[in-house]
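Residue numbers (the working numbering), protein chains in the order written: chain A, 0 to 266; chain B, 945 to 1182.
Since the hints were derived computationally from the structure, they do not count as laboratory data.
Do not take every clue at face value.
To be verified - Taking lysine-lysine pairs in the DSSO-like style, the calculated list, with each CA pair at most 27 Å apart, reads:
hint, chain 1, residue 1, chain 2, residue 2
1, A, K16, B, K1040
2, A, K106, B, K1040
3, A, K16, A, K106
4, A, K212, A, K200
As the list claims (entries may be wrong) - Stretch by stretch, here's where chain A covers chain B in the computed footprint (C-beta under 8 Å, at least three residues):
hint, segment
5, 1140-1154
6, 1171-1180
Stated by the list, open to error - Just the calculated beta-carbon pair ranges, DEER-fashion:
hint, chain 1, residue 1, chain 2, residue 2, range
7, B, R1163, A, Q189, 33 to 39 Å
8, B, P1077, A, I70, 29 to 35 Å
9, B, R1071, A, Q35, 50 to 56 Å
10, B, S1127, A, S20, 53 to 59 Å
Since we're looking at a predicted model, the values are computed, not measured.
For every residue, glycine included, the Cβ atom is placed at its ideal position computed from N, Cα and C.
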Amino acid sequence: MQTARPSNLDLALKDLKNGISSIHVWLMLGWQEIRQRYRRSVIGPFWLTISTGAMIAGMGPLYGRLFGQDISAYFPYLAISFIVWLLIANLINDCSNAFIAAEGFIKQIRMPLTIHILRVIWKNLIIFAHNLAIVALVFLFYPPEPGWHLLQFPIALLLIAVNALWFGILVGLLCARFRDIPLIISSVVQVGFFLTPVMWKADMLGKHIWFAKINPLYHFIEIVRAPLIGGGPTLLSWGAVLTITLTGYVVMILVFSRFRARIAYWV
Amino acid sequence: MMTSVVATNISVEFPIYGGKSRSLKNTFIRAATGGLLARDAADHVVIRALNDLSFEFREGDRVGIVGHNGSGKSTLLRTIAGAYEPVSGAIDVAGKLATMLSISLGMDTESTGYENIFLRATIMGLRTREIEPLVDDICAFSELGDYIHMPMRTYSSGMSMRLAFAISTSFPADIVLMDEWMSVGDAEFSIKAQARLRSMLDQAHILVLASHDEQLIRRNCNKIMHLDHGQLVSLDSV
């Protein structure tokens, strides 16, 4: 007796569901990757924190002067912008290689493909948590304005992780098939650092502020950054991020349904 | 639920994106080894590793897969394992699988032997609470002693294999997939390992073993599947 075959959509949704519920696997693999890299180092991932901190400490006064900014406002802005940028940029780069790097697993055993993306997200969240030490230090000197708007920070961070999932599956899949894409992406991310308001502020553009606003990365940084440096993000940023989230998931599910089974042949 | 593997008209094709060669255009080449080379609808070179296979494995089956290099043995094992999904046809696998295709997959040389037990067993699909009761048995069987708390990079290759073997054979499964018979360790350890492997295989409802060794297959299997160029030549009981 044959039961009806599950559709490609069912299989893709099942992969997502089983991948997310295999939390013990991706938590372990994410940690594993960090421990592997820093196994014999005394302070481990805090080396990243130190190098990021040194970069911010060096750039802060210099660019503050170049842009003619008040240092007490510019310094926390730069510190938070920079570590949020690092989170997003590393997520983009790691996601594009996630399936390619998991070739060994994908070709040998049945495992939800979603796990390989969640592992990358978890790893980068751990690194981000280490970098939060810098934010804590900066806040010692330039405390944030207390208020309800601070609550938007964890929600914004969660939204970044949620977006990394659709982005990782979609782009990881494309990168597995077309091996030029990871190279293109890493170049775009490099240029993106200068074109996105990380070191500079969107309002420095004056009437050309539209240039920042059409950049999706600006809105992702803004929803994390704005709650910490007073004010809170604009409705435009929240709206842009939510629109991208929904659109991203729709596109990802369509593409993932169609090509999920092909990934094992591509990696 | 009865353990079974049922394949209906399954084909597996590997696209070769770097392999566009004019001489292959619109031709089928039958090489001495390997699957059929062909072109798909989008004009990519593809290797048809499995071509329209249908078979059924039931409880009690001990299937030996034979065929020359590139005949599709490993691809078939990976397709049963669920890593490759057939481009056409369907395969239904009912039962808990143990894939012995790469027994150290997921292990990490910088981690200790003890940590690797959890890494490897998690990759094999076990939960932490299921792994904990197995740890003593794995440590004892692998005879690593205090080395179990040392990073695996300090192990000799034989020691790493012992550990990987001990973990992979530490819990029963309904269906066991093996690419060549596993043998590990020196003469003395090898005897112990064979006994452990046997007892795991005896508990399994279905064994699928790919090998070049006809003698070995005749000793251990009650069905022989012969593959050639990804085609099923014969599937006979012996």
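message: If you test the structure against every hint from before, which numbers come out violated?
response: 5, 6, 7, 8, 9 and 10
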